[in-house]
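A.B. asks: Letter by letter, the chains look like this.
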Amino acid sequence: EAGVAQSPRYKIIEKRQSVAFWCNPISGHATLYWYQQILGQGPKLLIQFQNNGVVDDSQLPKDRFSAERLKGVDSTLKIQPAKLEDSAVYLCASSLEPRNIQYFGAGTRLSVL
Amino acid sequence: GNSVTQMEGPVTLSEEAFLTINCTYTATGYPSLFWYVQYPGEGLQLLLKATKADDKGSNKGFEATYRKETTSFHLEKGSVQVSDSAVYFCALTHGSSNTGKLIFGQGTTLQVKP
Numbered sequence: 007e008a009g010v011a012q013s014p015r016y017k018i019i020e021k022r023q024s025v026a027f028w029c030n031p032i033s034g035h036a037t038l039y040w041y042q043q044i045l046g047q048g049p050k051l052l053i054q055f056q057n058n059g060v061v062d063d064s065q066l067p068k069d070r071f072s073a074e075r076l077k078g079v080d081s082t083l084k085i086q087p088a089k090l091e092d093s094a095v096y097l098c099a100s101s102l103e104p105r106n107i108q109y110f111g112a113g114t115r116l117s118v119l
Numbered sequence: 002g003n004s005v006t007q008m009e010g011p012v013t014l015s016e017e018a019f020l021t022i023n024c025t026y027t028a029t030g031y032p033s034l035f036w037y038v039q040y041p042g043e044g045l046q047l048l049l050k051a052t053k054a055d056d057k058g059s060n061k062g063f064e065a066t067y068r069k070e071t072t073s074f075h076l077e078k079g080s081v082q083v084s085d086s087a088v089y090f091c092a093l094t095h096g097s098s099n100t101g102k103l104i105f106g107q108g109t110t111l112q113v114k115p
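In order, the protein sequences belong to chains A and B. Each residue of the first sequence is one higher than the one before, counting from 7 in my numbering. Each residue of the second sequence is one higher than the one before, counting from 2 in my numbering.
Among the hints, erroneous ones may be present.
[Said to hold, decoys possible] DSSO-like cross-link-like pairs, simulated, lysine-lysine; straight-line CA separation at most 30 Å:
hint : chain 1 : residue 1 : chain 2 : residue 2
1    : A       : 21        : A       : 84
2    : B       : 57        : B       : 78
3    : A       : 17        : A       : 77
4    : A       : 84        : A       : 17
5    : B       : 61        : A       : 50
6    : A       : 84        : A       : 68
7    : B       : 53        : A       : 50
8    : B       : 114       : B       : 50
9    : A       : 50        : B       : 50
10   : A       : 84        : A       : 50
11   : B       : 50        : B       : 69
12   : B       : 61        : B       : 78
13   : A       : 21        : A       : 50
14   : A       : 50        : B       : 69
15   : B       : 50        : B       : 78
16   : B       : 78        : A       : 50
17   : B       : 57        : A       : 50
18   : A       : 50        : A       : 89
To be clear, the hints were calculated from the coordinates, so they are not data collected in a lab.
Please model the entire structure based on the sequences and the hints provided.
C.D. replies: See below:
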């Protein structure tokens, strides 16, 4: 069974530029999560989707971050414009339903210079 | 609010040593508790979980017991191997309105030397 796929693995940009990350969850998983992991900290939830609807985006900085899951499968997370403090690993996870085990992708490491 | 606190790392052990990584939590209701592991260059993987008080989760020689009276979920292994070197995260999901959102501790790096 294929796992959660994320791309790119690494991205380096300058502050004020924009960037997008892509996630393909495990087939059949209705719930998709984006987490931000700053160096030395645990992951923090940014947004949770159930199919193509948003369940929780309370921790998403909506002035610069956006995310979508238009067809209830793939998802993209965008940052525009990026700030230095956005340097982190962005993790995507999926589960069959909200209370089931979450499976994580390898993450995208973003460096903002 | 809900939170998880882990012991500071890194933890450095010799092969076959006994491992304990402390984890305590603050939560309302009845959270489920998890240990995730992150090997170098890989994504987080679920190591074990416990969903109610006094439950013991176990996997690959690792164990953790859900202690509601001490709000703890310490990770233990009797004899570590070099291949156990990784970052370990304790986490919880909120009990009463469980959307599945994971709240993580800051992680503890384990280094096992031959």
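A.B. asks: Tell me the numbers of any earlier hints that the structure contravenes, in ascending order.
C.D. replies: Violated hints: none at all, because every hint is consistent with the structure.
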